[in-house]
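Undergrad: Using the sequences and the hints, build the whole thing.
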Amino acid sequence: MKRVTAMLLILLLSGCGGDEVGDVSLGLLTTKDIKLNVLVDPVVTGVTCHIASIEADLDFSDPSDSSIACRQTGPITPEMIAAIDRSKDGEIVFRKSKSVLFKTMKVRRIFDPESQTLMYLSYSTKETNGSFKHSLSTVPLWGTQAFQKQ
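The sequence shown: position 89 = 272 (this note's numbering), numbered continuously.
Just so you know, the hints here were simulated from the structure itself, not pulled from any lab data. Hints are all accurate, no fakes.
Quick list of in silico lysine-lysine cross-link-like pairs, DSSO-like style, CA-CA up to 30 Å: (1) Lys289 with Lys218; (2) Lys289 with Lys271; (3) Lys316 with Lys289; (4) Lys316 with Lys218.
Beta-carbon label-pair distances, calculated as ranges: (5) Gly210 with Asp268: 36 to 44 Å; (6) Asp268 with Thr214: 34 to 42 Å; (7) Thr287 with Thr321: 18 to 26 Å; (8) Trp325 with Thr213: 41 to 49 Å; (9) Ser208 with Glu262: 39 to 47 Å; (10) Ala252 with Pro225: 14 to 22 Å; (11) Asp268 with Leu212: 40 to 48 Å; (12) Leu212 with Ser298: 40 to 48 Å; (13) Ser250 with Pro225: 19 to 27 Å; (14) Thr231 with Pro261: 13 to 21 Å; (15) Pro258 with Leu212: 45 to 53 Å; (16) Asp272 with Val223: 18 to 26 Å; (17) Asp206 with Ala266: 27 to 35 Å; (18) Leu319 with Ala239: 20 to 28 Å.
Each residue gets a CB set at the ideal place from its N, CA and C atoms; glycine is no exception.
TA: Listed below in structure tokens is the structure:
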């Protein structure tokens, strides 16, 4: 029994981290809050994203809704762009547990070479009410060192 309790505690705490920058209560009669997390892209360090999602403190699963906004907050160099995964499905740059039962919110970076834009897609890995919840933000390379004239 102790082992099961320890595993549940580890799973619940795995979504916690030092990246939370805001916490908005949804009222006295609810246990749900809007949590605001910050993500600095680990490769393209000149991009910062803010992610808003709902957390339900006493539930086994958080709602799947989230939103994301990403902006250029520092230099973006050609070396950074050369170091990213340029496949059509990109790469995961952030993940957060949203449930004891395997639901995860992920942020994936995808590069659009035609428009020279970084796309950041926030999404839930579990279907909710017939839909996979997702949100998109873009950061154009225009005006950065990484912009390639065509």
